[in-house]
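Read top to bottom, the protein sequences are chains A and B.
For what it's worth, the working numbering labels the leading residue of the first sequence as 86, then goes sequentially.
For what it's worth, the working numbering labels the leading residue of the second sequence as 24, then goes sequentially.
Wrong hints could be hidden among the right ones.
[To be verified] To be clear about the criterion: a stretch of chain B counts as covered by chain A if any three or more of its residues have a C-beta under 8 angstroms from a C-beta of chain A, and this derived list gives those stretches:
{"no.": "1", "stretch": "364-371"}
{"no.": "2", "stretch": "561-570"}
[Said to hold, decoys possible] Across the chosen pairs, the derived CB separations fall in these ranges:
{"no.": "3", "chain 1": "B", "residue 1": "Val-345", "chain 2": "A", "residue 2": "Asn-273", "range": "47 to 55 angstroms"}
{"no.": "4", "chain 1": "A", "residue 1": "Ala-183", "chain 2": "B", "residue 2": "Leu-85", "range": "39 to 47 angstroms"}
{"no.": "5", "chain 1": "B", "residue 1": "Pro-81", "chain 2": "A", "residue 2": "Gly-278", "range": "31 to 39 angstroms"}
{"no.": "6", "chain 1": "B", "residue 1": "Gly-344", "chain 2": "A", "residue 2": "Gln-354", "range": "30 to 38 angstroms"}
{"no.": "7", "chain 1": "A", "residue 1": "Thr-443", "chain 2": "B", "residue 2": "Thr-459", "range": "47 to 55 angstroms"}
{"no.": "8", "chain 1": "B", "residue 1": "Trp-384", "chain 2": "A", "residue 2": "Gln-354", "range": "51 to 59 angstroms"}
{"no.": "9", "chain 1": "B", "residue 1": "Phe-98", "chain 2": "A", "residue 2": "Gln-305", "range": "29 to 37 angstroms"}
{"no.": "10", "chain 1": "A", "residue 1": "Ala-183", "chain 2": "B", "residue 2": "Leu-348", "range": "30 to 38 angstroms"}
I should point out that these hints are in silico values taken from the structure, not numbers from a laboratory.
Just so you know, even glycine gets a beta-carbon here, dropped at the ideal spot from N, CA and C.
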Amino acid sequence: MNSLRILAARWIIMSILSLCTFLAGQVSLAPAATDFDSKWKDLIAAAQKEGKVVLNSVPGAEMRQKLPSVIKNKFGVELEFVSVDTREAAQRAIREAAAGVLSTDLISGGQSTFVNELYPKNMLDPIKPLLIHPDIQNPSVWLKGKPWFIDDKDQYLLRVIDLVVPIGAVNAKIVDPGIFKSGKDLLNPKWKGKIAMYDPTRPGPGSNTLSYLMKLFGEQYAIDLIRGQDVKFTRNRRQLADWMVQGKHPIAMALSITEFARLREEGFQVKFILPDDVLPPEGPASGVFVLLKKAPHPKAAQLFLNWIITKEGMQLYTNLEGAPGTRIDLDTSKLLVPESIPQPGKQYFDTADWKYMTTESRKLFGRIRELFGR
Amino acid sequence: MALEIPLGVRAAAVRLSFLSSNHVLGVVVLGLVAVGTLLPVLFLLWSSFNTAGPTQMPSYGLYNWHAAFSDSRVFDAIWMTLRLALTRVAIAVIAGIIFAWLIARTDMPAGSTFEFLFWVAFFTPALPLAFGWILLLDPDTGLVNRWITQLPFIDESPFNIYSFWGIVWLHLTATSIPVAVILFTPAFRQMSAALEDSARMCGAGAFMTLRKITVPLLMPAILPATVIMLIRSLEAFEIELLVGTPVGIYVYSTRIYDLIDESPPQYGMATALGSLFLITIFLLAGFYWLCVRGRRFTTISGQGFSTERTRLGRWRWFASGVCGLYLFCSFGLSLFFLVLASFMRRFGFFDRQHAFTVEHWVRLFEDPILSSSLVNSLILGTTSALLAVFLFSLVAYVIVRSQLLGRQIIDVIAWVPWAIPGVLMGLALVWLYLQTPLRTVLYGSMTGLVLAMLIKELPVCTQLLKAGFVRLGNELEEAARICGAPWMLTYRRVVLPLIAPVLVSVAVLTFQAAVRDIASIIFLYNNDSRPLSMLMLEYSFAGEMERDAAVGILLVLMISVMAIIARRLGFRPGTST
């Protein structure tokens, strides 16, 4: 009986302690939530006052059509979406900033231009301090345990996409992708005249792919591949895709993931080339955001950036891009190219790695131009 | 007894009359031309010596020039460019003269319809057409090659679009021959048949009359048109990129484009390379001046105007058949490709399930910026066309009729906007706009785009109008003035109606250039002023060729409607003055 009383007393004490702990937790959490809600409302109000946010982004009709209406409906803020090539977007920003008439707040695109142009010219504002959404504190939702910045200061170049970028793709009706156990299998004489590539002497996917292969297998490999196999260059990604599915050049190197996804959507049998001795490259494609210094609509830009890292924002963005995001709680079941989703535990070579981009990649590209520039 | 006034005295009287009453106007017009053309180009040349980056303090030197021309590949590209340009211009001029003569000077059936079709052929965007020709003439997969190799004794594909002649063919069908016909036909139409009648009475046949009388008389129209085509050919690079790159054919403009497309862009070097066009254009302008100086080319005068056309007899149906066949092979197939592309799930893949679809059109009309782009293009095209007719006719008139000091220099300067490739001109304008206090008015606005188009189209419009005025005698103006008409009334009621076909050509050419141009305005537009051509470029960049083709059809329709309205308003290209 006595022991029962002791147990009951312990239970009551534990319950009271648990209740106190819970209440204490609630008390400590409540101001934080209230604080965020209040900041969020203030941010929305400030963004509405500015009226709009201007985003220069790589051409993509679906994105341009759908994203502005979502932002408008959700926050009452106009998203002015200007479709423009990343290099031109950067040059536009440089020209406008020099004249003091900057019209753009944000640019999204491939990382190279930001790394080589805007970042060294000190034209960017840090994004990290502007992120107030509670999700940034939750490591369990992020692929890297936190929002992914690719710059050396870890706060300027926000990466929202991470996808596997194959070195090439094949028309599977003509070429069995399983044949390529090694990257050197591409040098087999039977593929002579059958390979096409996005022009590697220009900045872009072709140079990225060939630089990586050259890093792995050396300069002679690149010479044997390009000259020995009589690889045809093109600067038109649609042409590269058409050549592959027509069978004219059934092996397409540096084919864009967008073209690949479109071919698959249209029912073509196309597959990635993933040799065993080539660590699969991964990259952000055009999913890197930067905030321009002295952006004309800073609050609206901050609101957009905070929204794009939420589950809702990134889900919509990655759906429209057709590529996996840097959050791990996104639904990827609708992606047309599941092979492009990086697998947990598997190793990849990050083509947007800061050190690689700012040192080795530049040297390799320079050498490619010397070797194959026409 | 009629009082004979020497020709030189009458011309001087007209010039003096203009000089006395409109001297200020003339000076203002020429001054505007000088500022509008020279300023961007001088700005560009100046910046070619700046070796510092855009955000650095300027530092001047010859590095860009040295670096640009020390690359031996540049000279290979120049040689290839010249070969391509001269080949296709030579073919286009001969074909253009023949077609224009058949349309304007002979009794060939359906000439007016053919002329209109040449216009529409010229309006049709080149890139979807290039894909169409690749579909037919690819050496491995081309449909025509496949059909031909199924014939006995033919083992190899006879055609290869990825070649020198492939590039020439694409340019001839897409632009060169249509533009030659468009530029030559008004001149042929404006010529009185009196001299041709005389030649025929002396026993000359139709082709001898064409060779000995018609073509020499029309040299003031043929020469500038040829120069215009040659310069345009030197500047072309889109088709070369598509079918030249895979087989290692690079042209000069590709090199310039490459430098601008570098990361970071090498604007200084690109401008240094572009300056070669400046030298070329002055040489060509000098050549033109040498050819026409001291000669009279009056074909419209107060001495009656014969509209009698050369009778081709039994050859008229043959001529009509040749014209029709050419138009079918070039324009007919082109239009077919364009329409087909817009209705195919993936252009060129006929063996797919559900190969045809209206999805691209549905998605295009769902695009929220389509309507604003359409309206912007209409405003841009119409405003540019009207201003071009008004301003450039004055410029040409002042150059031809006045004796203002320095008018010959202005005549040469008027070529300058075409002396550098369009993309460099676009850059020059954006830099210039951003440097002026008017930057908020010009940059990103429709005003800025219209101004850019006017500067860009100044050379072709002025030369065409000048050719019109050169062929116009003084007698009719003189008669109006004797009757007491002031200069402006004479200009409006006598001069302009007499050169109406040229005015229509200028208006339609400017309209189509404004709604199709990309290079000159790519740096200048913003979200509010985005025209249809930029929407088309966006689809093209995104690899959505089918929607790109659908926008192309909208553009062709828009320009065709404009041309039809021009005809309805009375400036019928098929009507003689």
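(request) State, for the Cβ atoms of Val-345 (chain B) and Asn-273 (chain A), whether the hinted interval 47 to 55 angstroms holds or is violated. (result) Distance hint for Val-345 (chain B), Asn-273 (chain A) holds at roughly 52 angstroms.
(message) Holds or violated: the 30 to 38 angstroms window for the beta-carbon distance between Ala-183 (chain A) and Leu-348 (chain B)?
(response) violated (56 angstroms)
(request) Please test the hint of 47 to 55 angstroms on the beta carbon pair from Thr-443 (chain A) and Thr-459 (chain B). (result) For Thr-443 (chain A) and Thr-459 (chain B) the Cβ distance comes to about 38 angstroms; the hint is violated.
(request) Using the beta carbons of Ala-183 (chain A) and Leu-85 (chain B), state whether their distance is inside 39 to 47 angstroms or not. (result) Distance hint for Ala-183 (chain A), Leu-85 (chain B) is violated at roughly 24 angstroms.
(request) Verify the coverage statement for the stretch 364-371 of chain B against chain A, using a C-beta to C-beta distance below 8 angstroms and requiring 3 or more qualifying residues. (result) holds (count 3)
(request) Examine the stretch 561-570 of chain B for residues whose CB is less than 8 angstroms from any CB of chain A, and state whether their number is three or more. (result) holds (count 8)
(request) With respect to the beta-carbon atoms only, verify the hint that Trp-384 (chain B) and Gln-354 (chain A) lie 51 to 59 angstroms apart. (result) violated (28 angstroms)
(request) Note whether the CB distance of Phe-98 (chain B) and Gln-305 (chain A) lies within 29 to 37 angstroms or breaks it. (result) At roughly 30 angstroms between Cβ atoms, Gln-305 (chain A) and Phe-98 (chain B) fall inside 29 to 37 angstroms, so the hint holds.
(message) Please check whether Pro-81 (chain B) and Gly-278 (chain A) have a Cβ separation lying inside 31 to 39 angstroms.
(response) Violated - the Cβ-Cβ distance for Pro-81 (chain B) and Gly-278 (chain A), about 50 angstroms, lies outside 31 to 39 angstroms.
(message) Within 30 to 38 angstroms: is that where the Cβ-Cβ distance between Gly-344 (chain B) and Gln-354 (chain A) falls?
(response) Check failed, 47 angstroms falls outside 30 to 38 angstroms.
The earlier numbered hints that this structure contradicts are 4, 5, 6, 7, 8, 10.
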